Amino acid sequence: QKEVEQDPGPLSVPEGAIVSLNCTYSNSAFQYFMWYRQYSRKGPELLMYTYSSGNKEDGRFTAQVDKSSKYISLFIRDSQPSDSATYLCAMSRIHSNYQLIWGAGTKLIIKP
Amino acid sequence: KAGVTQTPRYLIKTRGQQVTLSCSPISGHRSVSWYQQTPGQGLQFLFEYFSETQRNKGNFPGRFSGRQFSNSRSEMNVSTLELGDSALYLCASSLEYGGLVDGYTFGSGTRLTVV
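Protein chains in written order, with the working numbering: chain A, 1 to 112; chain B, 1 to 115.
In short, the hints are calculated from the structure, not lab data.
Since no wrong hints were added, every one of them can be taken at face value.
If we take Cβ atoms under 10 Å as the criterion, some of the chain A residues that face chain B in the derived model are:
| id | residue |
| --- | --- |
| 1 | 8 |
| 2 | 32 |
| 3 | 34 |
| 4 | 36 |
| 5 | 38 |
| 6 | 42 |
| 7 | 44 |
| 8 | 46 |
| 9 | 48 |
| 10 | 90 |
| 11 | 101 |
| 12 | 104 |
Under the rule of at most 20 Å between Cα atoms (straight-line distance), these lysine to any residue pairs were calculated in the SDA-like manner:
| id | chain 1 | residue 1 | chain 2 | residue 2 |
| --- | --- | --- | --- | --- |
| 13 | B | 57 | A | 99 |
| 14 | A | 42 | B | 7 |
| 15 | A | 42 | B | 11 |
| 16 | A | 42 | B | 2 |
| 17 | A | 107 | B | 40 |
| 18 | A | 42 | B | 3 |
| 19 | A | 42 | B | 12 |
| 20 | A | 42 | B | 26 |
| 21 | A | 67 | B | 100 |
| 22 | A | 42 | B | 112 |
| 23 | A | 42 | B | 10 |
| 24 | A | 107 | A | 20 |
| 25 | A | 111 | A | 14 |
| 26 | A | 42 | B | 41 |
| 27 | A | 107 | B | 88 |
| 28 | A | 56 | B | 102 |
| 29 | A | 107 | A | 11 |
| 30 | A | 56 | B | 101 |
| 31 | B | 13 | B | 82 |
| 32 | A | 111 | A | 79 |
| 33 | A | 42 | B | 9 |
| 34 | A | 42 | B | 39 |
| 35 | A | 42 | B | 88 |
| 36 | A | 2 | B | 39 |
| 37 | A | 42 | B | 113 |
| 38 | A | 42 | B | 108 |
| 39 | B | 57 | A | 93 |
| 40 | A | 107 | B | 38 |
Owing to the predicted nature of the structure, the values given are computational and were not obtained by experimental measurement.
Ideal Cβ positions, reconstructed from N, Cα and C, are used throughout, including at glycine.
In isolation and in its complexed conformation, chain B is listed as follows:
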């Protein structure tokens, strides 16, 4: 079966711009989570959506936002980009929120570079 698909794979943006990243979960998965991964901070949780509702939110500023559509696809948006936003952004999907049934399946991520 198809895995979690994230687009684009690579992105270069200028400080102050905004960016939208997309995630298509595994078919049948209703939960989508977003993470930021950097060498210094490791995996940092951004938010989790389940059935179009945000269930959990991490400690990120309001510049980071997300949404989930009725087909479970999700987008995350970062406005007013800063140099420190350069990171690998990972999307993960699961059958139920919290990954309780079978854990999370991750995509390969979007590598965002802010210059």
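One chain only, chain A, in its complex shape:
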């Protein structure tokens, strides 16, 4: 079993919809959680960075961490065709020298 599980998709939704992207993890020691967006032929771009539990909002993006369920989510409101990309979750913990553990990435398609 992988430490971080993420559905590869693709997830296809109409423009304007609310998108929910998720990752589950098995190690309760993870403390730092990140979401990255990757467009084709580009490197990943950091979207959200949270520490421990709770919510964080930035514009149309909201990141949620539920440590009791070992579950993190990224919500995208008013989705746009330009949001079409692969979204990767990543997380790290102190005892592994903060090495990031990555999900497989979810391919998101926003249909105009």
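Given chain A, work out where chain B should sit, using these hints.
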């Protein structure tokens, strides 16, 4: 400000050869990480350097090596190339190791094809 610069962008090598890839981090960033990305395996961590010292290493064979210079620029080397080494190699920099302050900023990668 300038982003993370990786050179070259594309590379074609023959099996058995060796290759060196270069990464210039964002000014002021002291940590540089390297990743291999393939459609089947996703992002695989190679190693992370901080202040010229290797802080973390992934599960790759010894053919994969790296180093960091005093100006934080980094190189990675792959010797005795195999067909399976064909991948996008990504470099990421951050202020501190582990990306704890502000996460990692990635370059656009070097696309390596081994024939």
